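**Q** Keeping their order, the protein sequence lines are chains A and B. Residue numbers for the first sequence follow full-length UniProt numbering, so the first one is 1 and each next one is one higher. Residue numbers for the second sequence follow full-length UniProt numbering, so the first one is 1 and each next one is one higher.
In short, the hints are calculated from the structure, not lab data. Owing to the predicted nature of the structure, the values given are computational and were not obtained by experimental measurement. Not one of these hints is a red herring.
So, partial list: chain B residues that the calculated Cβ filter (under 7 Å) puts toward chain A:
| id | residue |
| --- | --- |
| 1 | Leu143 |
| 2 | Arg152 |
| 3 | Ala155 |
| 4 | Glu157 |
| 5 | Val162 |
| 6 | Val163 |
| 7 | Glu165 |
| 8 | Cys172 |
| 9 | Leu253 |
| 10 | Leu285 |
By construction, the Cβ of each residue, glycine as well, lies at the ideal position given by its N, Cα and C atoms.
There are 2 protein chains.
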Amino acid sequence: MSASVPVAGVDVGGTNIEVGLVGDDHEVLDRAKAPTPTDGPEAVLDTIASLVGDLDEEPLAVGVGIPGVVHDGAVLTVPNLEGWGDSFDLVGALGERLGGVPLALGNDANVGLLGEWVAGAAAGGRNVLGLWLGTGVGGGLILDGRPYTGSRGAAGEIGHVVVLEGGALCSCGRRGCVEAYAGRRMMASAAAAMHDAGRDTELFAIADDEGKPRPTSGVWARALDEGDALATELVDSAVDRIGVAVGSAVNLLDLDTVVVGGGLAEKLGQDLADRVAEAAGPWMLRPSPDLRFVVSELADDAGVVGAASLGRATLLGG
Amino acid sequence: MSASVPVAGVDVGGTNIEVGLVGDDHEVLDRAKAPTPTDGPEAVLDTIASLVGDLDEEPLAVGVGIPGVVHDGAVLTVPNLEGWGDSFDLVGALGERLGGVPLALGNDANVGLLGEWVAGAAAGGRNVLGLWLGTGVGGGLILDGRPYTGSRGAAGEIGHVVVLEGGALCSCGRRGCVEAYAGRRMMASAAAAMHDAGRDTELFAIADDEGKPRPTSGVWARALDEGDALATELVDSAVDRIGVAVGSAVNLLDLDTVVVGGGLAEKLGQDLADRVAEAAGPWMLRPSPDLRFVVSELADDAGVVGAASLGRATLLGG
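Next up, chain A with everything else stripped away, as it sits in the complex (with noise of 0.2 Å):
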């Protein structure tokens, strides 16, 4: 028997960043949380610094996974942080403040997906697309059994595959991704305009009433429970676009399994997945028998789990 050896993962995001000091098995053995500075990058490392500082054992390598395009250990852009410039060397700042602890630093999305390859719901798929259903609409990709991050990192966009040339504007400034339907960024100002129009709908009374400033997934899912026109037809809709770039997906990619994540997906759960498949499932030219959806299984956890695999990567040389 061999000793386990604590790797920590930690998971950037745009409020909060959790660590986890993470087994061999993958299981969150301690964790540690604060809230994300909103200073630039020096004050983030001097809090994931703090935090991996305070587990109950010394990691012998870290992971991180940060919301933005990361390439050789370098963030190229992290559009959701601010104070962020455009390029920042965080594998070397972060190796100062750690005494030189190995490191790896991966793209949040990728980072979640890698979590539910190894210890989730994605665990045994060879071919996987994560998509994460959140403010926008993420995504991840194993292809031929290893995390596949393209030529600089910036692959897994499944929220910008456009399904509906000139369709609705998206958020990056485009038209007809995804995104613009599917994103709750562009559900909730879609409803908001529609309610304006005099639409009835419960979702900003909800929202209210659970003390959020905006609609988040706890409010969408209790809208859709109480069976509100609009917020259904929404969600309707964001599934079914889903279900168009996921078939077009399936068809450039010929997948074996795809995770649906995110706040949605922690509150509906595999009902989401399978209304994915049903609406992919037109759009789909030769799937392969073994192509299976599925709920995400780690929610929080993911990121952390994701990013402490890739920590220890680097204890395996990789």
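Given the coordinates of chain A, assemble chain B onto it according to the supplied hints.
**A** Relative to chain A, chain B alone:
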């Protein structure tokens, strides 16, 4: 100096079977060719064996590219050849005829891209999409520096990426696929319908003049050259739709190379690749600065050279 190891590459097309004896540096040393039999797989295998026997030297390995879905040495479906059933053990049956020489089998679109990758326009690419504009729109992928064929050999179908949900009817029975706008079969049928409805076009007169029963790539190229308005509109629309699909593929896969090939690419050259680049540009979220669009270089030889490369890999334990 080592002696050259000649390998046969077999390109099974809807009209002809072409066989090449290919040297270490991917040069075609000898050729043989015959019409593709239309009475099923056994006749096709007899023709392949006879053509391979006609070559100047006995090959040390044989690779075969075939217009069907291929997985684990078997042909699963061959939609465009007559008399083929649902699944056929081509490697086994051809191996018997060729006396046990090492054999490999691939899909024609993937094999064509392999040719362009080992010895043509895609050389040096690590993440490559091949886009073949013919009767339909085919495709192939190289990902992370390796040919990628997916879970059951069906990957690469860029022609059945949906660009316009609810759009034009495609030959696959779905709506809005890029092939519905950019496949020659569908373009000719759109041109015929508009011609019947009174639109002027020289397309069909040119086809008659060249003795073709329908507009070939050469006929389309000549119509463009002569400023035919309808042909120009249809090609413009095809390029625009291709741009959307390629943009989506770049967002999903963060490619470094897109190779445009097939009949129309041979006629129009790099100009067509440049037009595809221009059409894809607005749809790309974060393209790699290294991304390049190139026209195929090997023309018809891509299939033979790629198939030989597939065969050669069997000698390397690949």
